[in-house]
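Using the supplied hints, reconstruct the complex from the two chains, each of which is provided in its own coordinate frame.
Chains as they are written, first to last, in my numbering: chain B, 1 to 334; chain G, 1001 to 1358.
The hints are all genuine.
Label-pair distances were calculated between CB atoms; the ranges are: (1) B:F129 to G:P1048: 44 to 52 Å; (2) G:P1342 to B:P30: 48 to 56 Å; (3) B:A264 to G:R1069: 30 to 38 Å; (4) G:L1172 to B:E155: 58 to 66 Å.
With the C-beta cut set under 7 Å, the calculated list includes, among others, these residues of chain B facing chain G: (5) V238; (6) T244; (7) L246; (8) E247; (9) G248; (10) F265; (11) E278; (12) A279.
Derived by calculation from the structure, the hints in this document are not laboratory data.
Every residue gets a Cβ at the ideal spot worked out from N, C-alpha and C, and that includes glycine.
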Amino acid sequence: MPLRHTPALIAALVILLMAALAACQQATLPDSVPGIVDPANLGWPREVEGLNGVVSIPAKPERIITASVGHDEVALALVPGDRLVAVGGATKDGTFSNVAPLVEDKPVITSDPETIIAQSPDVIVTSPFFPPDAIEALTRVGIPVVQTALEHDPEARIDSILFMGYIFGEEERALEFAEEVRQRYDSLVAVTAAQEPKPRVLALTQYSDQIWVAGGNSSEGGVITAAGGINAAEEAGVEGNQTTSLEGVIAMDPEVIIIPQPAAFGADEFRQSLLANEALAETPAVKNGAVHVVESKHFTTLSHWNTRGAEDLARLLWPDAFPEPADAGFSLAE
Amino acid sequence: MRAVGLNTLRGYRRMAVASRLAIGGSVLLLLIAASAAVSLSMGPVGIPASHVGSIVLSFLGLETVPFGRTEQLVIEQIRLPRILVGAVVGVALGVAGATMQGLFRNPMADPGIIGVSAGGAVGAVAAIATGAASLFFLALPLFAFVGAIAATFLVYGIAAAGGRFSMATLLLAGVAVNAFLGAVVSAIIILLPGADALREVLFWLAGGLDSRAWEHVRIAAPPILAGTFVILLMARDLNLLMLGDDEARSMGVHVGTARVVLLSAAALVTGAAVAVSGTIAFVGLVTPHILRLLIGPDHRVLVPMSALGGAVFVTVADTVARTIIQPAEFRVGVLTAFVGAPFFILLLIRNKRQVYSL
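Excised from the complex, chain G in its bound form (with noise of 0.2 Å):
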């Protein structure tokens, strides 16, 4: 009778769960096809959006509309590869921001936390102090790349050194790694002969998505789609980590080789993230914590939709930088900034007592 009741209750969480992502989901990737869409269609060059449905069409053999060959090469080499670098940041930055939250039990940890930002601002930083940048277009994200994943490691490796891990010293650890960084940052930018490799540098900190192309969405893509496959498959063990180290391990879960691989998973994807797009602020935080007082925090849903809602927040905030002052440019993170903060202040005010409880 009682094996019967904890089946039927298993079962309505199941149905729970399965209706909150497909509700959720269904809204979720409406709004990225919609702000896709949008995306496309805006630009310095215009082009009408009857040409543009009929040159997305005709990726499928499809054609509805005549259209210029130079608005194919648009929408084709310019507009597409940069909104999906955008969607696959968004996707990093959201999932790494909620596997983070959950990993410290902490709503205000983000993919920083571990020394990835800065350890990709580090060999950023050095790509375009040496020069490399400026001969090998993909040798800057090539660089912040190996700099966040180096500084992951090194923060993991103190945090387990003498063969005890703990959380404590992980979260220590990153503070003392991102602050050496931070420093290493400083006095390259302090040593840099011109204002010109200066500039690039403190652009480059402040992220963003320009001339993104096809070869940064074949560099970001499979790290951040592989990172995030294991996350999901994780969301279980993440829930279950949440409640303690002791409760964990009583529900069957192997703490320590899960918290590694969900640390090295969220270190993978924003490491892919920040190599192609620099230090976006604020999503990784706000996306799973606006999420969270939605949807709750369950992890099996609020993962994925961290990832959807990712993808939305940098491809809306990516199509207003590009087009609010073109045909300059906006920096998309200081617009994630400008936007998110307040928005996440107004979110914790409204919902103090819910944020509380969490």
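So here's chain B without its partners, still in its complex pose (with noise of 0.2 Å):
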């Protein structure tokens, strides 16, 4: 080989190494994220293993439909808006979700496969919820449904971003966003962690004449210990949401109630309720004042957006640690 080529050969191995090595980044997932079935196979088609079984998808979707609030707020952040071809209606109503805003103009779809199928989507995620009657149906059109929970817990809320990073073929965003969230749930947790004493904490809503209670396992409990509470209902031996009553109340002795209630659902007349109760004066969240009524939306939706809740929370419950607002949102995909 002629010396002269020496140099053009290195810099096209240094190049081709690189790009291999760019390649190999952009591939790597972590083996432990539940339900790939082969993290090594980053193309298509790749097969995914959903509650509803090993779902193939054939290529890159690029009409996507996530049948669920906390679903479409994860997708939006990993896709770029225009993929996400249609939204469930909660997911428009700002009462409940986080990205009202950024679905404004898209069709609603519903439960009914029809509505769906109108959309011609690639892919469909869908909650535990969604009638096995209409994935059945369309799965029988051809269409890759995958059924998946969203969890509340820091760690599977990462595998959650990278599990439909992997669906979507956004693999490198979806590490990236999953990055985001880790960072700002470790940042906010090494605070609340060293603060002491540790609060007793209840969510408490109220429908009607129902007194619910979120208690261990559910995504206000979640929030609650990030934010360096303790949950009051958790310690009571309170699973999930319960409903409770005003003496159950009494007996948890919360230190703070939080109303993660939407205003036009009477939070405002609950927490006054609360406040006013002459059988609640001695219990120490009332006698304080320290009740209040929290954006609803980031403390029950099964999303990245329970860490806002918990950076929310933690500003009411350590002022001083947090002198600072909370961020207002997270990162959406270009």
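This is the structure in structure tokens:
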């Protein structure tokens, strides 16, 4: 080989090596993400395992439907808005959804398969509550449907982001966004974990006559823990979201009560009724006026927006440790 | 001689009724007192029994041992009104069940047969769907009460259309209106925008006594006690109606009027109960039925006993519902069905012969 060709050859080899490295970096998803059948397969078709079994996705989906508010919120962080072709009614409603302004013009789907088929989606990601009959009908017409559960604990939330990124063929963006969510969560917890004494917090809502409390294994409970509080309901043995009574509230003895309930559903009236209730007068939260209405969609949606809820609550619990307001939102896919 | 014999017979019957009332009433009143005492002593906030007793006695100006202000408020503002609401709801459902079973001459009839529960459900669901229930805490019971009474009038209006009333038409109208109102409830549920409202509706439909306060006692007690009083006054007419229209007429009963009054009173008490408790299943069906097996079908005894029995049933069920998973709560309507249905089936199997003869 003539010597004068050597620098060009070396440069070509370096470029090839860098390209290969870049490709490898793009593809590096953790092996432990539940639902990804073969993490090494970054081509198409690819297989994922949802709650409804193993599903093959033939090609990178350009037209996506994610049929729950939480899934829509994650999807909009992973893919450009125009790839999400339709959403459920709740996602368009600012009372329940953190992304309502982003989906104003999108068509609405329901659990009726026809409304979904009409949008010609390449893939559908649904929650566990999506009707099995509808999944069967959509699968029969050849649309891949992946049924997944969104979880409230931080690690499972990261896994959900990576899993959905894999389904959409957006691994790189999923890794980037998961890192953003992880960093935001970790930096919050680094401060809240050091705060003492930790207050006993109770998340209460009232819909007509029923008082609801969020115990262990609830999204509100996860938010309370991340914000540096002790979930008083979890401590009293309540699991999930349960009804309780005013007497139950007294027994749980909270130092702070939060009301993650939309104002349109009477959150302020409920707060006033708690503060005015004579029987609660000796409950520390009521005695000290520590009863707060909080933005419900930051607490109850199963998505990374729970971290924003924890940031909100941390500012209520530890105002000195968080003098600055919380970041408004999260990054979106370009 | 014959007149003296009849009078003697009537005297014996009156004595028999009086003794059954006295014995059954005493037993049930004791059970009510015991269940209320247990219910007052149990709850998520631990209050010693001596303090509970002292708090109750303090209402009469007699305080035996000192107690805390929170303990007093828990008993006075939370447990006592809830127990009273449960008791009057039980009275209503028991009385209405006995009345409907008598009127329809069918031990399987319950107050829901004339659309009162379905009407109450439509009212309640409308209050939840419009958001009125969240903005004013008495909106839901008021909507439910109006719905219950309106549905009853609708069923009765259909049965009485054309100037001729018949119980068969009433029954069929009840079936049709129940189906229609059920569809209205389903339609509203389908159109509800959020999961919270849906959950609220489903929980209301399951029946419960969460957060009952003195206001609910004031809403429910007057119509329930008034309706019960009317039915008690007409218990003899109800007995005669069970013999058939012609027999009742020959015994001096104004059949049409008696039926309207009894139906209206049953609808009134059930509507008031549904308004403050949702649809608590099985009490209206099972209580009179069990008591009929124990004390016979005479409505002069059966109606008051069903009132007391219903009160015991709901009070006990609600105590279990609010303490079994405390500080969370179970739904009393679910519990009454869970407990009532198997118990009822057991009774039916054990007393087949007696049931067939009713």
